[in-house]
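Trainee: These are the residues of each chain, in order.
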Amino acid sequence: MRAFRVKTIIDGPCSGEPVFLDQKISFFGEIEPRTGLLTGRSVSIAGKPLIIPGTRGSTVGPYILYALKEYGKNPVCIIASEIEPILIIGCIIAEIPLFKLEDNYLELIDYLRKCKKPYIVLDKNKEALIVYEKKRVFDSH
Amino acid sequence: MYLTKEEEKIINGEYGEALALALKVIVKVGEHLGAEKLVKVRHVHISGVSYSNIGDPGLRFLSRMVKRLSSNTSIVKNIYVTSNPTCIDLSQETRIFDRKLVEGQLLINSVLERMGVKPTYTCIPYVIRRPNIHEHLCWGESNAVIMANSYYGAYTNREGGPLTVMAALTGRTYYAGLHLIENRIARTLVSVNLPKVDDEYASLIGLYIGYNVNNIPLIKRSFTMSFENIKLMLASSAASGNHGLIVLESITPRNTYIVDIKDKISIDKESLEYFREKISSETEIRESTLAYIGCPHLSLTELIKLAKLVKKYRKVRKNVVFLITVPGLYMSLFNDIIELLKSKGITIAYGTCPVVSKLTFKPDIVLTNSGKACFYLNKIFNVDVSLTSIDDIVKVVMEK
Numbered sequence: 594m595r596a597f598r599v600k601t602i603i604d605g606p607c608s609g610e611p612v613f614l615d616q617k618i619s620f621f622g623e624i625e626p627r628t629g630l631l632t633g634r635s636v637s638i639a640g641k642p643l644i645i646p647g648t649r650g651s652t653v654g655p656y657i658l659y660a661l662k663e664y665g666k667n668p669v670c671i672i673a674s675e676i677e678p679i680l681i682i683g684c685i686i687a688e689i690p691l692f693k694l695e696d697n698y699l700e701l702i703d704y705l706r707k708c709k710k711p712y713i714v715l716d717k718n719k720e721a722l723i724v725y726e727k728k729r730v731f732d733s734h
Numbered sequence: 145m146y147l148t149k150e151e152e153k154i155i156n157g158e159y160g161e162a163l164a165l166a167l168k169v170i171v172k173v174g175e176h177l178g179a180e181k182l183v184k185v186r187h188v189h190i191s192g193v194s195y196s197n198i199g200d201p202g203l204r205f206l207s208r209m210v211k212r213l214s215s216n217t218s219i220v221k222n223i224y225v226t227s228n229p230t231c232i233d234l235s236q237e238t239r240i241f242d243r244k245l246v247e248g249q250l251l252i253n254s255v256l257e258r259m260g261v262k263p264t265y266t267c268i269p270y271v272i273r274r275p276n277i278h279e280h281l282c283w284g285e286s287n288a289v290i291m292a293n294s295y296y297g298a299y300t301n302r303e304g305g306p307l308t309v310m311a312a313l314t315g316r317t318y319y320a321g322l323h324l325i326e327n328r329i330a331r332t333l334v335s336v337n338l339p340k341v342d343d344e345y346a347s348l349i350g351l352y353i354g355y356n357v358n359n360i361p362l363i364k365r366s367f368t369m370s371f372e373n374i375k376l377m378l379a380s381s382a383a384s385g386n387h388g389l390i391v392l393e394s395i396t397p398r399n400t401y402i403v404d405i406k407d408k409i410s411i412d413k414e415s416l417e418y419f420r421e422k423i424s425s426e427t428e429i430r431e432s433t434l435a436y437i438g439c440p441h442l443s444l445t446e447l448i449k450l451a452k453l454v455k456k457y458r459k460v461r462k463n464v465v466f467l468i469t470v471p472g473l474y475m476s477l478f479n480d481i482i483e484l485l486k487s488k489g490i491t492i493a494y495g496t497c498p499v500v501s502k503l504t505f506k507p508d509i510v511l512t513n514s515g516k517a518c519f520y521l522n523k524i525f526n527v528d529v530s531l532t533s534i535d536d537i538v539k540v541v542m543e544k
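Those sequence lines, one after another, are chains Y and X. Throughout, the numbering used here is defined as the position within the first sequence, counted from one, plus 593. Throughout, the numbering used here is defined as the position within the second sequence, counted from one, plus 144.
You can take every hint at face value.
Using 27 angstroms as the maximum straight-line C-alpha spacing, the simulated DSSO-like pairs for lysine-lysine come out as follows:
#1 LYS617/Y with LYS502/X
#2 LYS168/X with LYS662/Y
#3 LYS617/Y with LYS408/X
#4 LYS502/X with LYS662/Y
#5 LYS523/X with LYS662/Y
#6 LYS544/X with LYS452/X
#7 LYS600/Y with LYS181/X
#8 LYS666/Y with LYS502/X
#9 LYS600/Y with LYS666/Y
#10 LYS406/X with LYS693/Y
#11 LYS717/Y with LYS172/X
#12 LYS406/X with LYS617/Y
#13 LYS168/X with LYS693/Y
#14 LYS168/X with LYS600/Y
#15 LYS641/Y with LYS719/Y
For the record, the hints were derived by calculation from the structure and aren't laboratory data.
Chain Y extracted, bound-state conformation (with noise of 0.2 angstroms):
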């Protein structure tokens, strides 16, 4: 188990097994609204933690963000690296808790890639990312 810091942007429940990304991400091009799936890939993000560094390309990606919401297939919450007013917009509209990363990314990136199966919660006062390598059977969230 490691803990990272981070600070609250948007308020919100945020735990679950994480889908975690190298690169920074525009919602518009890389993400499909309505499966949930990143591009070219078999991974979903609906209904996870989605970690990445941050966000780049399309001013679109707003309403990715408000469509995955419409069709349920939305991360449960966004925890990044570096905060764009795109990615603050998109996770208003589409009400999607986002935290910031105040800790090194590639270390908590490490840190999750050693772990078997990551499964994320944050602190009482959410002023912490607590990373257990698996789910834990008695966690209460």
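Starting from the known structure of chain Y, fit chain X onto it as the hints suggest.
Mentor: Then chain X, alone, in the frame of chain Y:
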């Protein structure tokens, strides 16, 4: 956040529910980004308007905003509002865009025009209304944003589509990010070791910087580049990266940025060719070929250049769709050039582009001079894209 009396009135609903909601959201985004106040904007450019991209959820979002508009919206009268391209060819003459989307798109267009949007339908609003130096804008559309900041010395963040709608309604945005000079600091010095940069290399340099530089770059002026190629380069960087400002030595107006170099990179022909191999296919004609120029939309100069280039050819080859895209506003303009291009078999679409629309066919290969189109079309169509020069495209796809 500090709000003026008028802004408080807006938030308290004195100008109707839509404006109150819009300003509340702008304040919320601004607070997260550390804004201490709002700033009035003269020109808003709305992105995220294509029915094929935002679909029914986006249409519902926009309709809900407009339904709440009361008639008492006089505060936004002296603001200029333009809109990005949509998914339909406004001339309705071409057959390569999916017609099933027309109805939904026209609904979006009518919602936008009710908000006071001028029917420009283009991604190059800077050609329609030139931004002034130090002017505060609220623009979506990544290529427009980076041009406004880097070429014109105006101030805008890379805004998401919905926020531009809210700024169009209220005439304001939050005062943070690239609106403040202290956030416009060039950190990476980029030297380009090429004597002259044509369209293809402009796109390559742009994509390369987008992928490889994570802060604000300053490009040393060691080569010549036309306005059109600067436009191609910046659009490419804003697609493959998240750049809102790239300082161009002796082009970006002084006093709109600060220089504090921490990093240096140099780009030469070899590194660009190596990079090209990773992102681009060979230039060739296949069974179904799309040659595409006009990402970002073509300016008049580019239209003229293309017309000159194709003059000596008879027509576009079989199995090739040669598409160019231009602003919706050009509809009744430059008819002599447009007619010449059409007579050669070139398809001209107004107020749209393949990135924001659905095509009625799937090409085997796309040839383009645009790094931005290369970046998106490869992802959207899952198709080979060849990034090459406009001269080569014309040579390959037209016959004498």
